[in-house]
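Chains as they are written, first to last, in our numbering: chain R, 1 to 343; chain H, 1 to 212; chain G, 1 to 735.
Possibly wrong hints are sitting among the right ones.
[Said to hold, decoys possible] Below 30 angstroms or equal to it, Euclidean Cα-Cα: the simulated DSS-like pairs (lysine-lysine) are: (1) R:Lys250 / H:Lys14; (2) G:Lys524 / H:Lys14; (3) G:Lys524 / R:Lys277; (4) H:Lys158 / R:Lys269; (5) H:Lys56 / G:Lys524; (6) R:Lys250 / G:Lys458; (7) H:Lys170 / G:Lys563; (8) H:Lys204 / G:Lys396; (9) R:Lys308 / H:Lys184; (10) R:Lys89 / H:Lys130; (11) G:Lys524 / R:Lys269; (12) H:Lys14 / R:Lys329; (13) R:Lys84 / H:Lys184.
[Said to hold, decoys possible] Residues of chain R placed beyond 10 angstroms of chain H at every Cβ, according to the derived structure: (14) Met35; (15) Asp36; (16) Asp214; (17) Pro218; (18) Lys277.
Please keep in mind that the hints were generated in silico from the structure rather than gathered at the bench. Note that beta-carbon positions come from the ideal geometry of N, C-alpha and C, so glycine has one too.
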Amino acid sequence: MAMTPRERVLAAMKREKLDRPPVAVFTQSATIDQMDALNIYWPEAHSDPKLMCELGAGQAKVFGFEAVRSSFCLTAEAEALGCKVDPGKSDRTPMLKAHPFHFDPMEGSYDTPNLMAPEEFVKTGRPAVIIEATKLMKEKYGQEYAVIAGNTGPFTLAGHLVSTENLVFGIMMDPDKVHEWVDAVNPIIKAYCQALSDAGADIIQMSEPSASTDLLDPATFMEYAGNYVHDSLAQTKGADTVLHICGDTKPILDYMIQTGVTGLSIEEKVDSAEAVKIVNNRAALVGNVGVVNPLLQGTPEDCAAAGKRIAAAGFNVISPGCGLSALIKGENLKALVNAVKSL
Amino acid sequence: MSAEMDALIDVVVKGKIKEGKDATQKCLDAGHSPQEIIFDGLSAAMAIVGDKYAAKQYFLPQVLLAANTLYMGLNLVLPMLTGAGGETKGKVVIGVVEGDVHDIGKNIVKAMLTGLGLTIYDMGKDVPIKDMVEKAKSEGATIIAESTLMTPTLAGMKACEAILAEEGLKGQIKTMIGGGATSKEFADQIGADGWSYDAVEASKVASAFLGL
Amino acid sequence: MRYSDYDQWVQDWIAREKEAGRKCFDVKKSGNNYYVYFQSTRYNPETKKRDKVSGYLGKLVEGEGLIEPDTYSEEDEQISPARYGLGIDTGGSFTDAVIIDLDDMNVVAKRKSPTTHQDLSIGLYNSVDAVFASTDIRPEDISLVGISTTLATNSILEGSGGEVGLILIGWNPMKEVNFGEKRQAIVKGGYDNKGRALAAMSKDEVVNAIMGMKDDVDAIAISGLFASMNTSQENKVKELAIKLTGLPVVAGHELSAVLGIDKRAETAVLNAKLIPVVSKFFDDVEETFRKKGIKAPIMAYKGDGSVMTLEQARLYPVETILSGPAASSMGGKVLSGVENCVIVDIGGTSTDIAIMEEGYPQIQFEGASVGRWRTRVKAVDMYTVALGGDSRIVLKEGEVIIGPDRVVPLATFSQRYPQVVDRIMLTDVYDYYEAVEGYDLQILTEREQRVYDSIVGKGPLNTMEVKDSVEGLWVIDDEMASLVKKGAVMLASLTPTDVMVYKGEFKMGNPSGARAGIHSIAEKMGMTERQAAVFLSDEIKEKVAEAIMSKMLDDQMLEWRDKGSELLLRRMLTLHHDCAMNMRASFSVPIIGIGAPSKFMMDDLTKRLGAEVLFPENYDVGNAVGAICSKITESLSGTVIPTPDYKFLCTVPFMGSSYHAHLEGAISAARRSLESYLESKLKSYGARNIVTSSKVKTYMASEGGIGDYTDEGLAGNVNLVEIISRAIGDPPEGN
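Looking at chain R on its own, in the form it has when it is part of the complex:
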């Protein structure tokens, strides 16, 4: 079919039957090869909308993926709310250096979350940069490509502010305090999602790594993460919504669907065919090519094989299972793209 990449991706989000699924990076997409090709590098691209727009489109321009994506990390929101962030290097994403807020369940002492108002947030620091970059992407590339805007989930963000370990510990010792914090963060995220949609994003992809089964008991998922995703991301108007969680998400796939998002983005620890079976067409499935293996450490043949296998399993969009490592070689990405496109 002679669809534009944009049409294909949006159709895939609606779970339409296509001749082949689209191949696009829904998570962090920039790599050194793209930076070299475009002569735009991290860390500058994190804080300049024009540079972010161009580098975020690198996946399409350099390798032929079928979307463009703004934001390259999960630290923008935390920084705006007061965390100290190391901007990183060209091959390393920014890192949170300190948690500005006190949250100690062992001692039972907690700061009160006095955070800035949502309206102010979307005009502050790097969130504003990302919103602007999204707008620029829509103008320049939005005809041809679906524009994906990436951000951070409320539970993860709360963890960034108070230390994830303390927050998770709090679930056992002082659940009310945990709720207090995530409640405080949620309206900000909600406003952010909407702002990104208003700026022209076709898809908002939200990452909630702290809600992974590595950290959170599936039985507590809805209470501390799922409900908040439902109240923020899933309420976004004018854009499709995708919830991304790392780790073995098999036990929480049903819950992720319950949040009401359009699509789920998962990683390779879940067997592709099993995921399709469990999800049973209740949401779009995005993923789940392994980032370390095969993308970083495997051969182009391995990457091509993975793409074909996942397409055969029935995923709606073939995408890496997690944010790309900047060190991933171009030939591997090209192999993946070609394999899916030639189906």
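Here the structure of chain R is known, so what remains is to put chains H and G in place on it, guided by the hints.
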């Protein structure tokens, strides 16, 4: 196994932090030595916690609760052990490699290794490799445990191997790596002595290193 | 195997015919020609027996197949009475029963039934009933029955059996001795090494000894000093004991001729202990079989690969120890038709390896040991490894450990409890425990009882669920292991059987249970399920190869194991050629695989060991076949030694000594005595077609080695001559 010991194990497994110190004291009162309490009681309890974690019955929160209960007991008896000239079963330097700050995994491993009855030197996160090696040398640690979630920091683990080889310490100080970006193949490639998939495996690797 | 030396095109034709369902034929080779005969059985109402009907069908021509003759006449049909044998073997997991055509050793019917350990006879009758139900051969048609059981071995291991009274003649032990007997008495008497009495026995003393123990024991054993040289004292005591007590009495010399009054006493006591248990068993079997309509003589299988009558079995039950392994060795030989080979019998619990030489298993020189008991019974030198189809597979730090525990396979367990499949897939834990209801708690410790009470009636629980169920106790691994060992709790886990089921090579139970176990291994090893199955198969097969090589090496030198030799062994057996140098063993005799799991667990053995590996037809019931296809044999050794006065002293056990002027004469005398003794012994058992033979081994002074003595002139250099005689006969038949 005495009733007091069984009770202590129960308290740690169930993560009753506030009862940890008391239960430990009761064991001391019943005549158990600090050795027995650490190696037969607290260790056994953490092993059970590890099993539950592996069986997906416990998740991070429960492990943290148990770990903190463990520390309550350990704070009481560890000084008695080392103070009397006794030794723990081994010394480990652990940390998250420079460039990465994800330390929850490292903290669970730390709890499991403490549960084995080992002395742990926790260097924290974003730790330069050179510092970890120096600490191991100065404290006489025989294991360096490195963790990272991210791929750019893998280079640091490779550097550690090079430093140890150059100083003739390979074999004397064993290295074990773990974390989302690592794999068995990578560990073999760089010459690390051990790799583990999760905290439970990590404690098995460390046990094997020390011949426990 | 009968056809193994036929041309390939003939074998192919036979295979095609069998596949098409046409089985009632036999192909005979004459020179370069092949002739096909039709074979079937018919009930003869006159003789009330089955007849074998065979007729000439035609000639086999290459490229054309069967060419039938132009005419067919009734005369071409030959009728002969069919002779069928019933063979039964109770193994660790299964009891097999087979019906065999005694003329051509063809297996006509075979059936398996689970072994019922608490009472072996139940499983035995089940399998016998099943095998008759599967064919129209009737119990009356059977002319011979052979039974091999683990009863004696199990009883010794479990320490069960009757109470024994031991009478020692003429021995003054240095310290207190006890071989497990309840009552002991030492009386005057005994002989010297030439068979001359050291002291006369006192009848009163003997009578007192017998009467003193008669009410406390179930059987009496007798062992006298040098009784193997002169049996009269032991015989006199035996006669008296039987007259006064009516109990079963066995003298040491009847069981073994080895030197060592203590060794003979140990064997005699063990034997006496077994008499009540084994007698009762065979009484029961005989009665039940007769009721079922089986009129044929019943033979009990011995541990050296031969058989004995039930009368003998009731008196000398200790000789039935290790009869299972012996039966499997003989079975393997019969089914494969190979006289020199290595037999590998893989069952549910263990792998037993024996070496066959000239049709008989190698015998353990020191006498068979069972558990901590060292008997002096000559039994097959079997190498046993706790590695079987139902051995537990454990993954420990990336290493696969198989056995020694035997567990319920996941496929079987999940058929009864399908709900565990999903749990295993989710948790990757595949050890499941189930308390056995109604267990007698007396023998459990207090902690074990707590665990048992916490889980009984709760259905299948995995390891962690068991621990969760026991309130307040977490460190209960020892208790759980003990409960399984004591039979209070059943353990199901991953086994080689499950790997076979997963790969589709064996149909049993619920395959998704097997798959769940494989899935767990796959997750822990970071492999796909298929890779994990291959990985496990490889490990299992390598361990079997290792067991076989270990046996071969043990025979050379017991202490060969160390890190270096283990590395060499592994390099020799591995199929992973990632090294420039590869080593491979080679075998000059074939390896025969029997037992149901053997085909799977040995299928790449040729590649690993450089040996020809054969799986004879009906390999899955090899033991039962062996139980029926054996001879009655007895062997005995005598010696000839030169004396200081240039004569030769010939000594034969039970028959005394004689002096001879010439070496030849001494050897002949020994031979004659031995062979006639053995022949009459066999006759007393009802054996037919008795053949005797002797082997002479000469130990020379000058060379210090063994040779076949021929030159009279070397007589002066002879140190010792050993004459080993053997009598072989067919078991009695009839119905």
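| request: Provide an ascending list of the numbers of those earlier hints which the structure does not satisfy. | output: 12, 13, 16 and 17
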